[in-house]
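From first to last, the protein sequence lines stand for chains G and P.
Add 42 to the 1-based position in the first sequence for my numbering, that's all there is to it.
Add 554 to the 1-based position in the second sequence for my numbering, that's all there is to it.
Honestly, the hints are just simulated from the structure, not real lab data.
The beta carbon of each residue, even a glycine, is placed where N, CA and C say it ideally should be.
Where hints are given, some of them may not hold.
Unchecked claim - Taking beta-carbon pairs under 7 Å as the criterion, some of the chain G residues facing chain P (in silico):
#1 Ala46
#2 Leu47
#3 Tyr52
#4 Leu75
#5 Pro146
Unchecked claim - A short list of chain P residues far from chain G (calculated; beta carbon distances all over 12 Å):
#6 Tyr589
#7 Ala600
#8 Ser613
#9 Leu622
#10 Val639
#11 Leu666
#12 Ala751
#13 Gly755
#14 Ile765
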Amino acid sequence: MPVALFIFAYFGLFFAVPFAIAIAIGLFNWDLLSAAVFVGADNFLKMFKDKLFLNGLKVSFLFVGIEVPLILALEMLLAVLLSKLGRFSQKVYLTMIFLPVITPWLVVVMMWGFLFYPKVGLLPGFGQLVGLDLTSPLVSRDTALYAFIVMTIWKFVGFGAVIFLVGINEVPAVQYEAAIIDGAGGWAQFWHITLPLIRPILLGMSITGFIGALQIFEPFFIMTRGGPGDATRTFSLYLYQQAFEQLRFGYASAMALFMFLLLLGISILQLVVVRTRWEY
Amino acid sequence: MGVLEPTGGALGEIEQVGRVSRSTIYSRTRRRIGYWIIMVALAPVAAIMLVPFFWMYLSSFKRPVEILRPTITWLPETFYTQGYVETWQEAAILVGYGNSLFVSGVSTVLVLLTSALGGYIFAKKDFFGKNALFVFVLSTIMVPFFMIFIPSFILYFKLGLKNTYLALILPGIFSPFGILITRQFLHSVPNELLDAARVDGAGDLRILWNIIIPLSKPVLSAIAILQFLASFNDFLWPLVMIDDREMRTLPLVLRTITARQATREDQVLAAAVMSITPILIFFLIFQRHIVRGIALTGLKG
C-alpha cells in the first residue's frame with residue numbers, strides 16, 4: 043500500500059531520524075556553522091557538573107511537583123461539581139473555564155503579566171481590594187515560580203475538568219442513588235464510586251500532565267527568561283538557551299536525551315506504582 | 555496504548571435494600587438544594603476565569619498612564635483608541651493573520667486527509683507490517699517535543715527549509731492522534747458496507763471519499779478544530795524557523811510587540827485583543843465540537 047509507505051516515510055523522516063540524530067549529536071560539539079567536533083560522552087558528563095543544568099532540573103521538578111497534584115485535584119473537584127449541574131448551566135460553565143485553554147500563552151502571559159510584573163503590579167492593587175498586603179511575586183526568587191504555577195493552573199484546569207467530566211458522566215446514576223440510600227455523603231460517594239471509576243483517566247492525566255508540565259516553555263521564555271536569578275530557569279528554557287543563544291547544539295541534544303530517558307523512566311514508574319497499588 | 559483501557563470491577567458491592575420511596579423524595583429535595591449550592595460555589599471560579607479577559611478588553615481602551623496606575627480601575631476614563639491605530643499601522647497584524655491562517659489552514663486540511671486515510675487503512679485494510687507501523691506511529695505520541703526539537707531544527711535547517719512556509723506546514727501534515735481516533739471510530743463501521751461498495755465497483759479512493767469521510771465527520775471535525783487551534787497558537791517552532799518579517803505568524807508578530815525595548819502598554823493590550831478576538835469567536839461558534847474533541851482525544855490518549 044503506497045499510503046502505508048508514505049506514513050512510514052513521514053514518521054521515519056520527521057520522528058525517527060531526528061530521534062537518531064539527537065543521540066548522535068549529543069556526542070559532538072556543534073554550533074551548526076563550523077564543523078562538528080566529536081567529544082564522546084563529554085556532554086553527558088558535563089551536564090552533572092553544570093550548576094545551571096542541575097538548577098534547571100530542580101526548578102522544573104519543583105514546578106511540576108506542585109503544579110500537577112494541585113491541578114489534578116482542582117480538575118476533579120470542578121468535574122464533580124459540574125457533573126451535578128443541569129445540561130445548560132454545565133455548558134455555560136464549561137465555556138467559561140475553557141476560554142483560557144484556547145488562549146495562546148502569549149496573551150495569557152500578557153494578561154497575568156499586568157498583574158504580576160513589578161512595573162505595573164496590579165496585584166498590590168488587588169490586595170488592597172481584599173485587604174491584603176501583596177507584592178509582585180516576580181521580584182523575589184522565593185515566589186516567582188508560584189506565579190507560574192498559578193498561571194499554568196488557570197490556563198489548563200478547564201482542559202482536565204472536561205476530560206474528568208466525560209469520565210464521571212459515564213458512571214451510571216443508579217450507583218449514586220444506591221449510595222445515597224445507603225447514607226453515603228458527598229465525600230464517600232466520590233471516594234467509593236467516582237474515584238475508582240475514573241482512575242484510568244486519572245492515571246492517564248497524571249502521566250500526560252507530568253510530561254506536558256515538564257515541557258512548558260513559553261511562559262518562562264516570554265515572562266522572565268529565567269529570572270530573578272535562576273529561579274525560573276527551567277530545564278526546557280535552559281535547553282533552549284543553550285541551543286539557540288549559546289549555539290551549543292550538541293550539549294542541548296544531550297540534555298534532551300537525558301530528559302527523554304528521565305520522562306520514560308518516570309512514566310513507567312508511575313504506571314507500575316499505580317497498577318500495583320490499585321489492582322490487587 | 556494500554557494506559558486507559560477500562561478496568562471495571564472493583565466497585566464494591568452496593569446493595570439496594572427496600573425503603574426507596576421516602577429516601578428518593580428526600581434525596582430529590584436535597585439534590586435541588588445541592589444544585590444551587592454548586593451554582594454559587596462555581597461562580598467565583600467562573601469569575602477568576604473571566605476577569606482577566608474583561609480587564610484586558612476594557613483596559614485596551616485606556617491611556618498608557620491609566621493602565622500603569624497601581625490601583626485597579628475597570629472602565630476607561632476616556633475612550634482611547636490610539637493603541638489600536640498605532641498597532642494596526644506598525645505591527646503587521648494583518649500579515650501575521652494571513653500567514654497564520656494559511657499555515658494552519660493547509661495543515662488542518664492535510665491532517666484531515668491523512669487522518670481519514672490512516673484511520674481507514676489501519677482499521678479496514680490488511681498489509682505487510684501493519685501492526686508494526688501502527689505501533690511506530692503511536693510511539694511518536696510518547697516522544698516529548700523537546701527530544702526531537704533540536705535535531706528537527708538541524709534537519710530543517712540543513713534541508714534549506716528555514717524561512718519557508720513548508721517548514722511550518724510539514725510538522726503538521728500527520729497527526730498520530732488523528733489517525734488513532736479515526737481508526738478507533740472506523741472500527742464501528744460494518745465491513746459489509748465497504749464490501750457492498752466494493753461489489754458495486756468502488757475503489758479505495760472512492761470508498762474513502764464517499765463512505766469513510768462522510769461517516770467519520772464527527773471525529774474529523776473534532777480533529778480539524780484541535781489541529782487548527784494547535785497550529786494557530788504554536789510559538790516555539792515558528793520562533794526558530796522564521797526570521798523573515800513578512801513570514802511571521804501571528805504569535806511572532808505579537809511577540810515583537812510585547813518584547814520591544816520600550817513597550818507601550820496600550821499597544822500591547824490592543825495587539826492582544828486584536829489577535830485573540832477572532833480565536834474567541836471561533837471558539838464560541840465551534841464550542842461544542844471543541845469540547846467533544848478534547849474529550850475524545852483525552853480519553854483515548
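Checked hints:
1. About 6 Å separates the beta-carbon of Ala46 of chain G from the nearest beta-carbon of chain P, less than 7 Å, and the hint is met.
2. With a cut of 7 Å, the hint placing Leu47 of chain G at the interface with chain P is violated, because the nearest CB-to-CB distance is about 9 Å.
3. Checking Tyr52 of chain G against chain P by beta carbon gives a least distance of about 5 Å; that is within 7 Å, so the hint holds.
4. Taking 7 Å as the C-beta contact cut-off toward chain P, the hint placing Leu75 of chain G at the interface is violated, the least distance being around 11 Å.
5. For Pro146 of chain G, the suggested interface contact is upheld, since its CB lies about 4 Å from the closest CB of chain P, less than 7 Å.
6. Annotated as non-interface, Tyr589 of chain P brings its C-beta within 12 Å of a C-beta of chain G; the closest such distance is 6 Å.
7. Listed as a non-interface residue, Ala600 of chain P fails to keep its Cβ farther than 12 Å from every Cβ of chain G; the least gap is roughly 5 Å.
8. Distance to chain G contradicts Ser613 of chain P as a non-interface residue, since its nearest Cβ pair spans about 8 Å, not more than 12 Å.
9. The non-interface label for Leu622 of chain P is inconsistent with chain G: the shortest C-beta to C-beta separation is roughly 6 Å, within 12 Å.
10. Val639 of chain P, annotated as away from the interface, keeps every beta carbon of chain G farther than 12 Å; the closest lies near 19 Å.
11. Against chain G, the non-interface label of Leu666 of chain P holds: every CB pair exceeds 12 Å, the least being about 15 Å.
12. In this structure Ala751 of chain P is separated from chain G by more than 12 Å, as the shortest Cβ-Cβ distance comes to about 18 Å.
13. The non-interface label for Gly755 of chain P is consistent with chain G: the shortest C-beta to C-beta separation is roughly 20 Å, beyond 12 Å.
14. With a closest Cβ-Cβ approach of about 16 Å to chain G, Ile765 of chain P is found to remain outside the 12 Å limit, as its non-interface label requires.
Hint check: violations occur at hints 2, 4, 6, 7, 8 and 9; the rest are consistent with the structure.
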